[in-house]
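**Student:** In our numbering, the protein residues as written are 309 to 396.
Source of the hints: derived by calculation from the structure; they are not laboratory data. There's no promise every hint is true.
[Unchecked claim] Calculated lysine to aspartate or glutamate pairs in the DMTMM-like style (CA-CA distance at most 20 Å, straight line):
#1 Lys382 x Asp366
#2 Lys315 x Asp366
#3 Lys318 x Glu392
#4 Lys359 x Glu395
#5 Lys382 x Glu326
#6 Lys344 x Asp333
#7 Lys338 x Glu395
#8 Lys321 x Glu392
#9 Lys382 x Glu393
#10 Lys344 x Asp366
#11 Lys375 x Glu362
#12 Lys349 x Glu395
#13 Lys318 x Glu393
#14 Lys321 x Glu388
#15 Lys380 x Glu362
#16 Lys334 x Glu392
#17 Lys380 x Asp366
#18 Lys334 x Glu362
#19 Lys338 x Glu362
#20 Lys338 x Glu392
#21 Lys321 x Glu362
#22 Lys344 x Glu362
#23 Lys318 x Asp366
#24 Lys380 x Asp314
#25 Lys371 x Glu326
#26 Lys338 x Glu388
#27 Lys380 x Asp333
#28 Lys315 x Asp333
#29 Lys315 x Glu326
#30 Lys382 x Glu392
#31 Lys359 x Glu392
#32 Lys344 x Glu388
#33 Lys382 x Asp333
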Amino acid sequence: MTRHTDKELKLIKRRNAENWLLMNDKWLRKLRRGTKSSTIKGNRPAGSIRKRLEAGVDYGVLKRTGKHSGCKWKLTPYAEMLLEELEG
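Please model the complete structure; the sequences and the hints are all you need to start from.
**Tutor:** Following this line, the structure appears as structure tokens:
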């Protein structure tokens with residue numbers, strides 16, 4: 309297994325975060341203001357959508373507020389910064 313330096317790990321994490329934002333661009337408008345997972349539509353099963361949302365948390369671009377049925381997903385300030393750079 310390849311060992312990466314701290315700088316390489318930081319770049320990998322950033323690339324993963326950018327890729328997540330680009331792959332899920334249809335959700336960004338809702339995620340900017342905060343939304344429940346049930347309002348996010350896709351041509352995938354609900355479990356798959358939830359896994360993608362949880363991956364966003366792992367990459368640092370999403371945060372989850374509330375508990376269980378009252379849970380909302382929202383973009384983090386880190387995600388907003390990346391989006392500005394990607395759009396600019």
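**Student:** Does each hint fit the structure? Answer for all of them.
**Tutor:** Against the structure, the hints:
For a cut-off of 20 Å, the pair hint linking Lys382 to Asp366 stands: about 13 Å separates their Cα positions. The straight-line distance between the Cα atoms of Lys315 and Asp366 is roughly 18 Å, inside the 20 Å bound, and the hint therefore holds. As the CA atoms of Lys318 and Glu392 are separated by approximately 19 Å, the hinted pair is consistent with the 20 Å bound. Taking the CA atoms of Lys359 and Glu395, the gap is about 26 Å. The hint is violated against a cut of 20 Å.
Distance restraint check for Lys382 and Glu326: the Cα-Cα separation of roughly 16 Å lies within the 20 Å cut-off, and the hinted pair is therefore satisfied. Pair hint Lys344 plus Asp333 holds up; C-alpha atoms about 16 Å apart against a cutoff of 20 Å. Between the alpha carbons of Lys338 and Glu395 the distance comes to roughly 17 Å, so the proposed pair stays at or under 20 Å and holds. Of the pairs offered as hints, the one joining Lys321 and Glu392 holds, with about 17 Å between alpha carbons and a cut-off of 20 Å not exceeded.
With a CA separation close to 19 Å, the supplied pair Lys382 and Glu393 stays within the 20 Å bound. Pair hint Lys344 plus Asp366 holds up; C-alpha atoms about 18 Å apart against a cutoff of 20 Å. Between Lys375 and Glu362, the direct Cα distance comes to roughly 14 Å. Compliance with the 20 Å bound is thereby established for this hinted pair. For the hint pairing Lys349 with Glu395, the CA-to-CA distance comes to about 24 Å; that exceeds 20 Å, so the pair is violated.
Straight-line distance between C-alpha atoms of Lys318 and Glu393 comes to about 17 Å, which keeps the hinted pair within the 20 Å bound. Taking the CA atoms of Lys321 and Glu388, the gap is near 15 Å; set against the 20 Å cutoff, the hint holds. Annotation: proposed proximity of Lys380 to Glu362 holds, straight-line Cα distance about 12 Å (limit 20 Å). With a CA separation close to 16 Å, the supplied pair Lys334 and Glu392 stays within the 20 Å bound.
Using a Cα cut-off of 20 Å, the hinted pair Lys380 and Asp366 holds, with the two alpha carbons roughly 16 Å apart. Taken as a hint, the Lys334 and Glu362 pair is honoured in the structure, with Cα atoms around 17 Å apart against an allowance of 20 Å. Restraint check: the Cα-Cα separation between Lys338 and Glu362 comes to about 16 Å, which is no more than 20 Å; the hinted pair holds. About 17 Å separates the Cα atoms of Lys338 and Glu392, which keeps this hinted pair within 20 Å; it holds.
About 15 Å separates the Cα atoms of Lys321 and Glu362, which keeps this hinted pair within 20 Å; it holds. With a CA separation close to 13 Å, the supplied pair Lys344 and Glu362 stays within the 20 Å bound. The hinted pair formed by Lys318 and Asp366 meets the criterion: a straight-line CA distance of about 13 Å does not exceed 20 Å. A threshold of 20 Å between alpha carbons decides the hint, and for Lys380 with Asp314 the separation of about 32 Å lies outside it, so the pair is violated.
For the hint pairing Lys371 with Glu326, the CA-to-CA distance comes to about 16 Å; that is within 20 Å, so the pair holds. The straight-line distance between the Cα atoms of Lys338 and Glu388 is roughly 13 Å, inside the 20 Å bound, and the hint therefore holds. The suggested pairing of Lys380 with Asp333 holds, with an alpha-carbon distance near 18 Å, which does not exceed 20 Å. Proximity of Lys315 to Asp333 is assessed by CA-CA distance (about 27 Å); at most 20 Å being required, the pair is judged violated.
Our distance criterion of 20 Å between C-alpha atoms is met by Lys315 and Glu326, whose separation comes to about 17 Å. In summary, the hint linking Lys382 to Glu392 is supported, as the alpha carbons are separated by about 16 Å, within the 20 Å threshold. The hinted pair formed by Lys359 and Glu392 fails the criterion: a straight-line CA distance of about 25 Å is larger than 20 Å. Only pairs whose Cα atoms come within 20 Å are accepted, and Lys344 paired with Glu388 is accepted, the gap being roughly 19 Å.
Proximity of Lys382 to Asp333 is assessed by CA-CA distance (about 13 Å); at most 20 Å being required, the pair is judged to hold.
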